[in-house]
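Protein chains in written order, with our numbering: chain A, 5 to 191; chain B, 11 to 204.
You can trust all of the hints, since none of them are fake.
Cut-off 20 Å, straight-line C-alpha distance, at most; resulting in silico cross-link-like pairs (DMTMM-like, lysine to aspartate or glutamate):
| # | chain 1 | residue 1 | chain 2 | residue 2 |
| --- | --- | --- | --- | --- |
| 1 | A | 168 | B | 50 |
| 2 | B | 188 | A | 107 |
| 3 | B | 143 | B | 50 |
| 4 | B | 194 | A | 107 |
| 5 | B | 14 | B | 50 |
| 6 | B | 188 | B | 153 |
| 7 | A | 106 | B | 55 |
Here are some of the chain B residues that sit facing chain A, going by a computed Cβ distance under 7 Å:
| # | residue |
| --- | --- |
| 8 | 30 |
| 9 | 65 |
| 10 | 110 |
| 11 | 156 |
| 12 | 168 |
Simulated from the structure, these hints should not be mistaken for laboratory data.
None of the values given here were measured: they were computed from a predicted structure.
Think of the CB as a built atom: it goes at the ideal place given N, C-alpha and C, for glycine as much as any other residue.
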Amino acid sequence: MTLLKLFWSFFQIGMFSFGGGMAAIPLIQNQIVNLHHWLTLTEFTDLITIAEMTPGPIAINSATFVGIRIAGIPGAVVATIGCVLPSCIIVSILAWIYFKFKELTAIQGILSGLRPAIVSLIASAGLSVFMLAVWGEGGFSTNPQSINLVSVLLFAVALFVLRKWKLNPIYVMLGSGIIGGAIYLMV
Amino acid sequence: MVNKKYIYIKLFTSTFYLSAFTFGGGYVIISLMKKKFVDDLQWIEEDEMLNLTAIAQSSPGPVAVNAAILLGYHVAGPLGALATILGTILPPFIILSVISVFYAAFRDNIVVNAVLKGMQAGVAAVIADVVLKLGSNVFKEKDIVSVIIMIGSFILSFLFGINVMYIILVCGCIGAVKALFQVKKGQKDGEHSQ
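Using the sequences plus the hints, can you model the full thing?
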C-alpha cells in the first residue's frame, strides 16, 4: 500500500515538473512533507541539499532518498520508476511524432525557432552556476570582497584547458573539484 | 556494420559514466552528451542533438532523463532508449541509496563540501565551453531571427526569470511562422518567375 502511494506521488512529481529541477522542488515538498508527512521540513531541506550535492536530477535523487527511508530498496525502486514513467510515456509520444513528421516544414520551422532558444537556456543555467561559484549563496554583488577568487581562477583555467587542449570535461570537473577542494581546505 | 549489442553496451556505459558526473543540474549532462555523442562518437549531428534537447525541454520530467530517452531511441531504437535510461538512472540511484544511510555526516563533511565548491567552477566552465561553441554556430548561420531568439530568450530567462515553458512556446511559434512565411515567399517567387 505504501509502495503504491510512493509510486503515485512520484508519478505526479514526474508528471508536473516542467522546466528543470528547480520547478520540481515545490511539488516534491507538497507531496512529501505536506501531504504524506514522509519527511519533516528540516529533513526535506537536507534532502534538497543532498540532492544538489550528488549527481543526477533532483527529482530522481529525491525519489531514491525518500523511497529508501520509507520502504527500503523496493521503495526506492518504485519511487524512481514512478518518477521516470511520465517522462518515458510523453517523450516517447513526442519522439514518435518527431521522427515520423520531422520532414514537415512546420515541424522544421518550430525546431529552427527552438534551437537558438535552447542554446540560451543552457547559457542561462551555466551563468547561474558561475554566479553561485563566484558569489556564493548570496548572489551577485558589486562588493569586490564577495568575489571568490579561487572560483574565478579555476573557471578561467578550466575554460582554457577545455577550449585549447580539448581536455575531457569530466576530468576538468574532477580536477577543479580536487584542486579547489584542496585550496579551500588549506586556507 | 557495428555489432548491435556493442552499441547497446556502449550507450549504457557512456550514459552511466556521464550521469555519474552530472553535478549541478540537468544542463551539464546535455553539454557532456554533446561532447560524447556528437563530437567523440559522432553518432548524432549537432543540429539533431539540439532538436532532441528542445523536445526534452518541452516534456515534463528531468531534462536529463528525457534527453537520455531520445538519444537512446535515436541511436538504437527502443532497446537503445532502455540502455540510456538505465545508464542515466542507476548512478544517482546507487549513490543516493548509499548516502541516505549516513546523509547527515555526508552533508556536513568539510572535505565533501570543499570539493563540491571547487567543482562548481569546473561545471560552469564546461557549460560555458559548450555554449560558446553552440552560440558561435548560431551567429555563423547569419540568420537574424535566430540571433534575436537566442539573445531575447537569454534575457527573458536569466534576467526576468520567465518560465522555460513560455519561452519554448513563443520561440516554437516564431519558428513555425517564419517557416510558413518562407514557404509563401517561395511560392510567390515561383509565380513571378513564370
